[in-house]
Amino acid sequence: MAKPTLLSMRDAYGEALARLGEENEKIVVVGADTTASIKTSIFGAKFPERFFNVGIAEQNLVSVAAGLALAGKVAFASTYAVFAPGKCVDQIRNAIAYPNLDVKIVASHAGLSVGPDGASHQELEDIATMRVIPNMRVVVPADAPSTSKLTEIIANHQGTFYMRIARPNCPTIYDEGLAESIRLGRSVELSEGEDATIFACGLLVYEALRASQLLKSEHNLSVGVVDMSSIKPLDSDMVLKRAQKTGYIVTAEEHNILGGLGGAISEVLSEKRPTPIFRVGTQDTFGESGEHQELMEKYGLTARNIANAVLNVRTSHPA
Amino acid sequence: MAISETKPSIEELKEISRNTRKLILESLAEAKSGHPGGSLSAVELVVALYYSVMNHDPKNPSWPDRDRFILSKGHAAPLLYAVLAQLGYFPIEQLKTLRKINSMLQGHPDSRKTPGVEMCAGSEGIGLSVGVGEALAAKIDRKNYRVYVMMGDGEMQEGQIWEAAMCASKYRLDNLTGIVDRNGIQQDGLTEQIMPIEPLSSKWKAFNWNVIEVDGYDFEQILSAFARSKESRNRPTVIIAHTTKGKGVEFMEWSPEYHGKVPDKKTVETIIKDLE
Ligand SMILES: Cc1ncc(C[n+]2csc(CCOP(=O)(O)OP(=O)(O)O)c2C)c(N)n1
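Protein sequences appear in the order of chains A and B. Residue numbers for the first sequence, in the numbering used here: 1 to 319. Residue numbers for the second sequence, in the numbering used here: 1 to 276.
Honestly, the hints are just simulated from the structure, not real lab data. Any given hint might turn out to be false.
[To be verified] Partial list, derived from the structure: chain A residues whose beta carbon lies under 10 Å from chain B:
1. 37
2. 41
3. 114
4. 288
[To be verified] With beta-carbon atoms standing in for the labels, derived distance ranges:
5. 11(A) <-> 65(B): 48 to 54 Å
6. 48(A) <-> 93(B): 46 to 52 Å
7. 220(A) <-> 269(B): 51 to 57 Å
C-beta atoms are modelled at their ideal positions from N, C-alpha and C, and glycine is treated no differently.
Using the sequences plus the hints, can you model the full thing?
Right, here's the structure in full:
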């Protein structure tokens, strides 16, 4: 693969918000002392009257967003994932999802890729905790252009959303044309393949694409890669179609293997079309301090780990 | 057994503080990330606690009668590590591994990995409630240990702080001392601009706490405040320490930028020369 352009999801989010704020005066943004870091400050500089910093008070952050939405606004609430949703599952459940308010919780710094801050800051459970709340929709962009597109989608779609982005600059997969194919409840087939399918989200979509190339060059396997940026609603048609076509499924996410993307896809398959599946993710453990790449290696989230999962799922369930 | 039996002089405490600043900056420069501002602001307070105030034993970190220290503003971990290392809880060379993979010194305190670290921290707002729990346990067990909790001033914005404050006064936890590092700055800027917390001392008084304000760099005031907190009966004590974020490094002082930014190794070498 050619050397990818590295871009920031946070910049993409902040700039998209500022652009959308121009089109839609109902958009308001609430922050919690991390606004410069998560780039909602770009919106704040442009629309100071529609921007609120509540300080280090995440439960207040999401509940104030609930009130703004109750009074007719489209409210974005943003901080690091470990704090919101992490610190405020009750407020999100009872004051946002239950009344089905137009609140978009957008969290950055999710997953191990936060790096040296360590386990206390590495949110690996948020897809699971948000996914199981009724009315909540969950989206996980894979790069900067898809972050822009998904920011637009959730802003224009009435209702409660959780969007999860990562801290590091990340390889760019989508161009503007391809980003147009992103839809709520739909997945994007990034590469075709007959021998297995990898369903991935977030930073692991790029790793999945690299895994598919490793498998081609080292084992002459043709392995499809699907970006599941919409985790809820889930594109179960695509899951079933690929299961039928390729027989073997691997999921890949920067999240606990329990309850996240792998969990969601397992639920669909076990009920509708039992299919051999391996889940790549953290193995029900906390992370630790380290550089982003070191952690991906230590916790088994690299292209090599995904490729091995494909080989293992094929050999442990011979056709 | 108790460290406080061999109390250093104020001159010695100042010297330990200087060395602590040096170790904080060296370890952060080696790590290339972390939070210098809020580590440097609270040096004298933590040095006073560990060298003069608390009963503890570096050779026996789980001594049941030790006083407890919880760093609720966990991002100041380099400060706690520098003090614990000097006291011999672990070898000083470990400081070089701060924030690196497989290290015993995590970016935020991890009680499973570091001898002397009482509690995992990093998400602000939680530590005072944990301190209430430990103080309650001491009452049940009729133990005399005390519990100290260090908080940030931005951290005062967390609602949970005030839930804990109410609870501590209900249970008359005179064995609990909170310390607020009132350095005026949080992550996005000045506390009084981001989310004003004043009048802070009246807030704690309204929650029925014994409130003491000190200059966070004057050891006489600091030591006398801790002594008075030990004498408090039926009321928890909070020490509001007026401090300077980035204290000791001129270009970091009062600069929100150095909340979470680490200067490179060269710059740190120059700073350390100036400190000496
Ligand atoms: C619950 C929570 N929200 C957000 C953060 C991110 N964060 C880390 S430090 C910090 C600012 C802390 O300010 P303060 O408590 O005043 O500490 P100090 O200035 O002493 O460093 C923030 C917002 C956090 N650690 N915990």
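Hints, verified against the model:
1. 37: Holds, about 7 Å.
2. 41: holds (8 Å)
3. 114: Since the shortest Cβ distance to chain B is 9 Å, the answer is holds.
4. 288: Hint on residue 288(A): holds, closest Cβ of chain B at ~6 Å, below 10 Å.
5. 11(A) <-> 65(B): 48 to 54 Å: For residue 65(B) against residue 11(A), whose Cβ atoms are near 53 Å apart, the range 48 to 54 Å holds.
6. 48(A) <-> 93(B): 46 to 52 Å: At roughly 49 Å between Cβ atoms, residue 93(B) and residue 48(A) fall inside 46 to 52 Å, so the hint holds.
7. 220(A) <-> 269(B): 51 to 57 Å: holds (54 Å)
The structure agrees with every numbered hint stated previously.
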